[in-house]
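Sequence order for the protein chains is E and U.
Sequential numbering from -19 applies to the first sequence in this note's numbering.
Sequential numbering from -19 applies to the second sequence in this note's numbering.
Each hint should be verified, as a subset may be incorrect.
One copy or two, it doesn't matter: identical chains are merged, so the pair holds either way.
SDA-like mimics (lysine to any residue), calculated; alpha carbons at most 20 Å apart, straight line [claimed, not checked]: (1) K124 with R114; (2) K124 with E68; (3) K124 with T109; (4) K124 with A112.
The set of hints was computed from the structure by calculation and includes no laboratory data.
Protein chains: 2
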Amino acid sequence: MPTTSLTKLPTRAPADYHKTTTLRELKKLRQELIGLQDRLYAENRHSVLVVLQGMDASGKDGLIRRVFSGINPQGVRVQAFKEPTKEELAHDFLWRIHQQTPARGMIQVFNRSHYEDVLITRVEGLITTEEARRRFTAINAFEKLLQQAGTTVLKFYLHVSEKEQQERLQERLTDPTKQWKYEAADKQKANQWPQYQVVYEDVFQHCSPTTCPWHIVPADQNWYKAYVVALALRDALVKLNPQYPENPKTGS
Amino acid sequence: MPTTSLTKLPTRAPADYHKTTTLRELKKLRQELIGLQDRLYAENRHSVLVVLQGMDASGKDGLIRRVFSGINPQGVRVQAFKEPTKEELAHDFLWRIHQQTPARGMIQVFNRSHYEDVLITRVEGLITTEEARRRFTAINAFEKLLQQAGTTVLKFYLHVSEKEQQERLQERLTDPTKQWKYEAADKQKANQWPQYQVVYEDVFQHCSPTTCPWHIVPADQNWYKAYVVALALRDALVKLNPQYPENPKTGS
C-alpha cells in the first residue's frame, strides 16, 4: 500500500449516503449475515477474523453491537485485548493473539488486536522503530499463516476526526451511561493524536499486502461505519460461499 | 543450508569418543546445566526451546531423561506432540505449538514438534509439496518471532541408522519394559524409512537459516547423543549468560 495520509481520508459518509436509507440497508445486511454465518458454522471449513482498530472513542464497542447483534452467538466470539498480563508479556507479542484465532466455522472479532503492539508501544516509546519493523514482518507472516489455514482476515480502522473524538471523550464525562468508559488515560491519549496518526500510517504502509488490506472506515457517523463493516463482512462471506453439508444419513 | 544427504552423515560417535569418559563429561555438563537453569529462571529474561525430532525409536524419550533429569522441574517443561485433536485441526498447524512456547526464564522441550506437520503429513500424502513449502516459510517466520522475543531455539535431529532403528523396534516387541511403546504403526513407519529421509532432508534444506540451524546428532549410541545435546544446551545457556538479579531490598 502506498503511503497513506490519514488526514486526507474522509471521516464522514459520502454525500449520497443518508442515515435512514443506510440503516435500512444495514438491517438487510444483518439478515444476510445471519444466514451466511449459519452456513459457515455448518460447513465447518472456513473461518473469519475481524480485526477492529481505532483511536479511543472511535466507536469499536458500538460497532460490534450494531453489526453482530442478532447473529447466533454460538458462531461468533468477541475478544477484547487490553493491557497484557505479566504472563502474556513473558512471551512473544503474538502468543496471546494466536490463542484467540477462530476455529473453522467461527467468526472471531478482535476489539483491538496485535496491532496495539506496534501502536501504543511506539507512541509510549516502549519499542524502537527497528523493533516495529520486525514486528510488521512477523504480523504479515502470521496473517498469511491464518489465511493459508482457511481464515479470511478483515482489518478495519475506524477513522474518526480529532474533533469528533474530542466530543465523544467529553461526552464520557457527562453521560451517566458512558462514564464507566472514561479513564484518566483518555485525556492523555487524546493529546497524542498526531503521534497516533503517524504510527497508524506506518502500519497501513507496512501491513497492507494486497491479500490482506486494511479498510479505512469513515467513522464519525455510527450508522455509516456499521454499514461499511457489515457490507465488507457480507461480501467476504459470500465469496466463501459456505454450504450446508449433505446429511450423511440421508445423503441429501 | 546446502542439500544434506542424511545417508552420508554419521550415526555413530567419532572414533575418539569413548563411552566411559563421555558419560563422565555428561555428568559434569548436567551439573553445569543445573546452575545455568537456576540463573536463567531467576533472571527471568530469556528462554530456551529445545526441539527434538527423529524417527521412531531414535531415542527421544531416553534423551530427555538423560539430559534433563536433575534439573529443577519448575524451570523445565516437556511437551510431547501427538496426533492433533479435532480442536487443534480446526486451526492453523502452529496454533497448538505456539501455546506451548516457553515463558521467560523457562526451558521448554518439544518431544516432536511443528515439524511433524511437514514430515508425517508428507509421507502420508496429506499435504502437497507446495503446501509444505508454504509451511516452511511459516515455520521460519515463527521461529524468528520466538528468537526476537528472547527465546533461544535449539533444534536436534536424532540420526539413527536404519539398522539400529530396526533392532530397537524389534526390542520393543520382546523387552517387557518397552512393549508399551510398540504400536502396530511402528512397523509400517519403519518400512517408510526412505520416504522419511527425503522429507527430513527437505526440512534441513529449507528450515535451517544460519540463525536457527538444525543439529544432526549421531544417535545410534545413547550416551553420545545425550552428550551432544547437553553440550549444545550448555553452550547456548553460557552464551545467554544469565545472572541472578540484584536483591531489590538489599541492593546486593
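*How would you classify K124 and E68 at a CA-CA limit of 20 Å: within, between, both, or neither?*
For K124 and E68, the Cα distance is within 20 Å only across copies (18 Å; inside one copy 23 Å).
*Intra/inter-copy verdict for K124 and R114 if alpha-carbon distance must be at most 20 Å*: both (16 Å within a copy, 10 Å between copies)
*asked:* Regarding K124 and T109, is the shortest C-alpha distance of 20 Å or less found within a copy, between copies, in both, or in neither?
replied: between (23 Å within a copy, 18 Å between copies)
_For K124 and A112, with the copy left unspecified, which applies at a CA distance of at most 20 Å: within, between, both, or neither?_
So K124 and A112 pass the 20 Å test inside a copy (18 Å) and across (14 Å) alike.
This entry satisfies every hint, going by the numbered hints stated previously.
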